[in-house]
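Engineer: Protein chains in written order, with this note's numbering: chain A, 12 to 483; chain B, 2 to 378.
Treat the hints with care, as some may be off.
Said to hold, decoys possible - In the BS3-like style, the derived pairs of lysine-lysine whose C-alpha atoms are separated by at most 25 Å in a straight line are: (1) A:Lys169 to B:Lys63; (2) A:Lys349 to A:Lys284; (3) A:Lys203 to A:Lys161; (4) B:Lys278 to A:Lys326.
Hints in this document: simulated from the structure, not taken from any laboratory.
This is what each chain is made of:
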Amino acid sequence: MLRAAWRALSSIRTQAVTQAPVLGLPGGGCAKLLSVQRDLPSRPGGLILRAARGYATQKPVQPSHEDDPLPSMLLKDYQDIPGIEKVDDVVKKILSLEMANQKEKLKIKKEQLMKKVVENPKDTGSLEARILNDIISTMFNRKFMEELFKPQELYSKKALRTVYDRLAHASIMRLNQASMDKLYDLMTMAFKYQVLLCPRPKDVLLVTFNHLDAIKGFIQDSPTILHQVDETFQQLTETYGGLSAGEFQLIRQTLLIFFQDLHIRVSIFLKDKVQNSSGRFVLPVSGPLPWGTKVPGLIRTFNHKGEEVRKAEFKHGGSYVAAPKEGSFELYGDRVLKLGTNMYSVNRPVETHMSGASENLAAQTQESIAPNPLAKEELNLLARLIGGMEIKKPSGPEPGFRLNLFTTDEEEEQAALTRPEELSYEVINIQATQDQQTNEELARIMGEFEILDQPRRSASKGDDLLAMMDEL
Amino acid sequence: MFRRERSIPLRGSAAALCNNLSVLQLPVRNLTHFGVVHGPSAQLLSAAPEGVPLAQRQLQAKEGAGVSPPLITQVHWCVLPFRVLLVLTSHRGIQMYESDGSVMVYWHALDAGDASLVQAVFARGIAASGHFICVGMWSGRVLVFDIPAKGPNIVLSEELAGHQTPVTDIATEPAQGQDCVADVVTADDSGLLCVWRSGPKFKLLTRIPGFGVPCPSVQLWQGTIAAGYGNGQVRLYEASTGTLHVQIDAHARAICALDLAPELLSAAEDTFVHIWKLSRSPEGGYIEVEHCHGECVPDTQVCGARFCDPSGSSFAVTGYDLAEILRFSSILSPVQQRKGRPNWPTCYKQRRIQSPTAHRSSPLPTRSCCQHTVSHW
Chain A
12 MLRAAWRALS SIRTQAVTQA PVLGLPGGGC AKLLSVQRDL PSRPGGLILR
62 AARGYATQKP VQPSHEDDPL PSMLLKDYQD IPGIEKVDDV VKKILSLEMA
112 NQKEKLKIKK EQLMKKVVEN PKDTGSLEAR ILNDIISTMF NRKFMEELFK
162 PQELYSKKAL RTVYDRLAHA SIMRLNQASM DKLYDLMTMA FKYQVLLCPR
212 PKDVLLVTFN HLDAIKGFIQ DSPTILHQVD ETFQQLTETY GGLSAGEFQL
262 IRQTLLIFFQ DLHIRVSIFL KDKVQNSSGR FVLPVSGPLP WGTKVPGLIR
312 TFNHKGEEVR KAEFKHGGSY VAAPKEGSFE LYGDRVLKLG TNMYSVNRPV
362 ETHMSGASEN LAAQTQESIA PNPLAKEELN LLARLIGGME IKKPSGPEPG
412 FRLNLFTTDE EEEQAALTRP EELSYEVINI QATQDQQTNE ELARIMGEFE
462 ILDQPRRSAS KGDDLLAMMD EL
Chain B
2 MFRRERSIPL RGSAAALCNN LSVLQLPVRN LTHFGVVHGP SAQLLSAAPE
52 GVPLAQRQLQ AKEGAGVSPP LITQVHWCVL PFRVLLVLTS HRGIQMYESD
102 GSVMVYWHAL DAGDASLVQA VFARGIAASG HFICVGMWSG RVLVFDIPAK
152 GPNIVLSEEL AGHQTPVTDI ATEPAQGQDC VADVVTADDS GLLCVWRSGP
202 KFKLLTRIPG FGVPCPSVQL WQGTIAAGYG NGQVRLYEAS TGTLHVQIDA
252 HARAICALDL APELLSAAED TFVHIWKLSR SPEGGYIEVE HCHGECVPDT
302 QVCGARFCDP SGSSFAVTGY DLAEILRFSS ILSPVQQRKG RPNWPTCYKQ
352 RRIQSPTAHR SSPLPTRSCC QHTVSHW
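Let the sequences and hints guide you as you build the complete structure.
Structural biologist: So this is what it looks like as structure tokens:
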């Protein structure tokens, strides 16, 4: 649909160009500029403009006409009035692009182009990328990591829940109590699955390295955070790389004691048949063996001299194959183990089942945003970064970004009410001085980030935007 | 060959530890006691032969210095010549109770003195030998307590230094009356097995190295050591010399429990439980092993398994996150079961044919049968 709209707009523009342009409006001036580019290079004003253009860009901009909006499309100001679809056809025609001047068409084209840029995966300015960056930089903050690596006993369930609450709210994202509970349950069950299915206890470290590899994939463009993650990797290798198999067995057993009696059903696991409907995980009796274990089935008998005298086989009931190779514990390498990799790498909806209630929710945060006001916020933010538009600043603090893991707000409230008591977590606000320190440090670091990142972001925009800036 | 019997429900699920099931048989009262570790507490329950639960009790780990509630590592009944004691080891110390868990008789706090900040401090590995109880520690030391016939006057008699890594399990066997017979085996996280002779002063007889693979479970019977390793192997050694007799690639994950009574029972985290028939060949004197039965407990990481009676015709299994004790019993009659094992020494044969109640007349205390009146809860 977008392409059709672009095409229509381009066809309008060609029409506008061939007509004698009506001046007085900047839109008309733009049309003249474009015509200068393509058809009449010898006009005097056009030469000066072209020279100036040459400074700004390396190559001449060729605006594409395939993506112009349709002539039947309404004007930008009239697009989001409720009930505009039910208006009379004649009124619609008056308010459409057919009767409008070039400026209106360009407004729409600009908006569509901005939307395209925002959706670009390489864009680091979108809200989602910013939230991800904020959360990851908070998590891998050096002071926080130093605290984490101090030898200490396992956190209680309430303490861990408090830490996660703080982490999730370290960005502008806000979560309701019910959504936070759901997110925490999802994280807990996923990690329980990974620890339970580890073939040998040392593979818990490989799972952690898989997590770090996936995190590094999200923050490719931020060398500061990348460096923090690499440092954490070094610390992990120093602390845990030299532990014996018996010590890893103790670590794994202690982690399993933390997850004892948690049987929340997660729909992505139910679909993949890794979890039963009772909430217990499926332990497969086939597949690759842990590194260092031989295929079961052999009985070897020795005499008192140590020579093998007899070899017998028995049926062991499973169908195992030997492990191809050991996973790598280096900074970069093939981990071999698939546990701990991104379980959402193929888009699929995720649910957690409480007793009775079942909700459909989207894994991507953008689908649960209320459409209009936040889209506006996104564009305003983008425009502010480019430095073009003036923004009406809201009187209070920045409204932020609220994440709702349910389809509507009402469902969220209902889920909060119907959630069984034993699954609710009481959040304890710990006002320890260490906490405040971390917060101040985090606030300072986050503040630093905003200033540093801005010029980089604007440099990554495409040439079309520069063209638009010229007209403003 | 074995069929599933009625399970016994537990109040709390079993924790993911090794050797997480202890069974005390009381044929006199027709009862079986079970002990399972839940986490910070241990559950004791008694059941009738059909698996009907009769009484339950929960024991907590005693708090010492520290912030969070301590975790229990193992619970085990120790059968001594004149009494039966229940021993609980945790991350704080060693607690000893009367066999029904009603009264704590002795408390020994762990001294974390030499431990660095990163080392976990705990006690693990419990066994009774004569009138001694041996308990292993995180440092590799084994504490030997001298137990009087009555009363709480328990004394720490010796500290054995044979291991450098945390002790995982200890196995003992009643002394046969001769000298130089090994009757205590200790295992640790590096796979090293130390074979001792008990007495007023314990003597280290031989060591069997493990090459870094932990040995979570070990058993000793009739001079044969059965050891299960973290790579799924079960190995049988001669106790007096330490020579390897049989190596079985038995499981696909780490072994978590063994029992030897006289069949060998092995359970591992790969959800399988296997039973093996052992026999001594007439010539050469080496041990032969034959696989007898394999049982799969679906989707359950097994953490404890024991035989429930001295003939090995029934066994019980516990699993991580499972709030019940699974029971299996043999569908063959005892006579049919004994076929195919002609070469056991005569004293064993006599013991097998006599009925359980006749054990009272035997001078040697047997491992798995209690001759004393124990108060019913």
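Engineer: Each hint should be assessed against the structure and marked as holding or not.
Structural biologist: The hints, checked one at a time:
1. A:Lys169 to B:Lys63: holds, 23 Å
2. A:Lys349 to A:Lys284: holds, 16 Å
3. A:Lys203 to A:Lys161: Cα-Cα ~23 Å, so holds.
4. B:Lys278 to A:Lys326: holds, 15 Å
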